Amino acid sequence: MKFKVNNNEVFASTGGRPFDKKKPLIIFVHGSGLTHMTWVLQTRYFAFHGYNALAVDLPGHGLSSGESLKSIEEMADWIKDVIDAVGHKEASLVGHSQGCLVTVECTSRYPDKIKTLSLMGGAGAIPMNPELLSLAENNDPKAVDLMMDWAHGPAGHFGGHPVPGLYHINTGTMLAKSRTIQNTLGVDFRACDNYKNGFDAAKKIKCPTLSILATDDKMCPVKEGKKLASLIDGSQVDIIDNCGHMMLLEEADRVLTVLKKFITTNYPPLSS
Amino acid sequence: MSDKKKELKPNTYKFDTLSLHAGYQPHKNAGSRQVPIYQTTSYLFDDVDHAAALFNLERGGHIYSRISNPTVGVLEERVASLEGGTAALATSSGMSAIFLTVMTLCEAGDHLVVSSQLYGGTVNLFRLTLPKFGIKCTFVKPRDTEGFKKAIQKNTKGIFGELVGNPGNEIMNMPEIAKIAHDAGIPLMVDATYQTPYLCKPFEHGADIVIHSLTKWMAGHGSSMAGILVEGGKFDWMQNDKFPTMTKPYEGYHGLSFAEEFGPTAFTMKARAEGMRDFGPCLSPQNAWNVLQGIETLSVRMKKHCFNAEEMVKYLSNHESVAWVSHPSVPDHPDHELAKKLLPNGRGSMIAFGIKGGKDAGVAFINNVKLASHLANVGDTRTLVIHPASGTHSQMDEATLKFAGLSHDMIRLSVGIEDIDDIKNDFEIGFRAARKPRLVSNQ
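Chains A and B are the protein sequences, given in the same order.
By our numbering, the letter at position 73 of the first sequence is numbered 73, and the numbering carries on one by one without gaps.
By our numbering, the letter at position 119 of the second sequence is numbered 119, and the numbering carries on one by one without gaps.
Take the hints with a grain of salt, since some may be wrong.
[Claimed, not checked] Derived BS3-like pairs: lysine-lysine, alpha-carbon spacing no greater than 30 Å straight-line:
1) 242(B) x 177(A)
2) 223(A) x 6(B)
3) 6(B) x 150(B)
[As the list claims (entries may be wrong)] A few chain B residues that don't get close to chain A, going by computed Cβ distances all over 10 Å:
4) 39
5) 47
6) 61
7) 297
8) 344
[What the hints assert, rightly or not] To spell it out: a stretch of chain A is covered by chain B in this simulated footprint if at least three of its residues, at any positions, have a beta carbon under 8 Å from a beta carbon of chain B; those stretches are:
9) 30-41
10) 127-134
11) 142-148
12) 165-177
13) 246-258
Honestly, the hints are just simulated from the structure, not real lab data.
The structure displayed is predicted, hence computed values, not measured ones.
All C-beta atoms, glycine included, are put in the ideal place defined by N, C-alpha and C.
The following block holds chain A by itself, in its conformation from the complex (with noise of 0.2 Å):
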């Protein structure tokens, strides 16, 4: 679906169902220089199931127009107008890699509107490789070839994709080069490097809170991640063998009964 945020068109999957203002609203946020389309296998199973799953495109990013948010802070107040936009009061968010950066922060400024927090391959601060940073920034594509790398566990290297047919290290590839990679990834490194409030954020914390790790996470390391999770009251760390940072594609299902009971356990679909 598309609608306004600050002028801006925005385009948002709601997981293949209408978008019904009666249900219970989850937000799903990507990572840097992603697109929604990262959360198809954890969308479309809300979506049916009693929810508002609404899997945002950034500004900038995707099929959303505008310029890319320069901050996590701007990101997270950008969540928070979403939220507003829609009609809603409050929302569930669930993030990945930089998207954990966005909610962390947004639920932290917001905590009357968030009711459960889903952390995937998040950490308190993500600092970038500066030659990373600098690849990003200059619009070469091998800024992506490496995130790719990076971001894909050794079992991930080889595929295995849990859609028959779709090869992971490509379908992220074409994402990532959508759009011009400076405008997008360049602006999200630069601000996942800038941001430090993470950990500051994460105290403030009070809403149930799910941190799914994986032990071949190179991007975010599990000891990264967990250390986040320690300072959020009561959160809950689910770890995962053989996986690396893109854990939502990597090991799809896994990520989806964890999430699925978490968020039907503390924020309850509309019952059908």
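Position chain B relative to chain A; hints supplied.
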């Protein structure tokens, strides 16, 4: 000690490694080092919720082997990885892959621009069968790049061609034709069976959908029929209103928009969800496994195929019984320079040559070679020969033969990987037999 900073390099697997490993994780298959053959029709659901999730495309997984199968899935991922594509869908043959591609793209009332130099079966599909579904085609000679542009109509939904035409070895100028297609907002579909991704990766030259008859070089051993369509993932289906079945809510899947939901894999998702469901040209797991065995040695075989082919080009070019030789490695081949650009790893192992003495000599040659096999296939490990005018293209009339660039003296040669001296010796037997009728008639 050097203080030079180490340059960052992506360590994703390279072609030869992907040929052996892509699409398969042993730890998820009981540790089986070889890809298991899932010889089953269907798959247990955990519960009713799980079943509904699979049918609604909420989860990935298998339901029924007409739609997908784990062994076939490994093959699909492997070919997608080798081509640099986002997704692939394997089918029971190359022809069914072409048919499924067209039916995923087009509706009744649509039009396609098609290269005229194609395998005979493909010509008949576009010329005679697709019009029965309301899909019309305009044929353009593969070297007539401007002709492709002129043939595009308001209702044209794509351009289709074989990268190297069968059997005349005419090469499409893929980068230029891709630009023409993209300027018109339509995709370029390329049958790259003759090349395999070892010789050419069409996505790097602008193609949007690549099709293979896997029966040929990819499987390589003449044992199994199979086809595949591979998606490049770059084509924007939402750029115009030409592809409503990709962009508008689809009644067959609860109002799903394939382009919105699946983006760079939308075409393959639609081809599977709709095409395999409704037409059902599925690949058997046994044949998928056989093709996987072939792909494991693809680069090794292709090097030998190309070496032998170039040796045969030299041999035939200097032979007294040969009137002409067509292969992109020949310097006076009209597409020699284009071939160097598009096929840097080798020009393929298909040779067309004209035999002196015309049709009768061709028949005598074919009937007398002993090592080369006379059959309707290409891309076997063994050397194959056929006389197209009386074989693969025999259903064409004189005018169509001429338009397809075929002559009665043409022999199509698919060079195998036998010892090159044995192939040449065998051809000597064939040429001797081919000269005999003429020697007799000259007396």
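>> Is the coverage entry for the segment 30-41 of chain A by chain B consistent with the three-residue Cβ rule at 8 Å?
In response: Contact hint for the segment 30-41 of chain A vs chain B: holds, 4 residues under 8 Å.
> Are there three or more residues in the segment 142-148 of chain A whose C-beta lies within less than 8 Å of some C-beta in chain B?
Replying inline: holds (count 4)
> Are residue 242(B) and residue 177(A) close enough, with their CA atoms no more than 30 Å apart?
Replying inline: Holds, at roughly 23 Å.
> Far enough from chain A: is every CB of that chain over 10 Å from the CB of residue 61(B)?
Replying inline: violated, 7 Å
> Can the segment 165-177 of chain A be counted as covered by chain B under the rule of three residues or more with Cβ-Cβ separation shorter than 8 Å?
Replying inline: With 8 residues close enough to chain B, the hint holds.
>> Count the residues of the segment 127-134 of chain A whose Cβ falls closer than 8 Å to any Cβ of chain B, and tell me whether that reaches three.
In response: Since 3 is at least three, the answer is holds.
> If you draw a straight line from the CA of residue 6(B) to the CA of residue 150(B), is it 30 Å or shorter?
Replying inline: violated, 51 Å
> Would residue 297(B) pass as off the interface with chain A, using Cβ distances and a cut of 10 Å?
Replying inline: holds, 19 Å
> the segment 246-258 of chain A covered by chain B? Criterion: 3 or more residues, Cβ-Cβ distance below 8 Å.
Replying inline: Three-residue rule met by the segment 246-258 of chain A, so holds; n is 3.
> Does the claim that residue 47(B) lies outside the interface with chain A hold up, using a Cβ gap greater than 10 Å?
Replying inline: For residue 47(B), whose nearest Cβ neighbour in chain A is about 12 Å away, the distance exceeds 10 Å, so it holds.
> Since residue 344(B) was said not to touch the interface, does its Cβ keep a gap of more than 10 Å from each Cβ of chain A?
Replying inline: The claim holds: residue 344(B) sits with its nearest Cβ about 20 Å from chain A, beyond 10 Å.
> Since residue 39(B) was said not to touch the interface, does its Cβ keep a gap of more than 10 Å from each Cβ of chain A?
Replying inline: holds, 16 Å
Of the numbered hints listed earlier, those contradicted by the structure are 3, 6.
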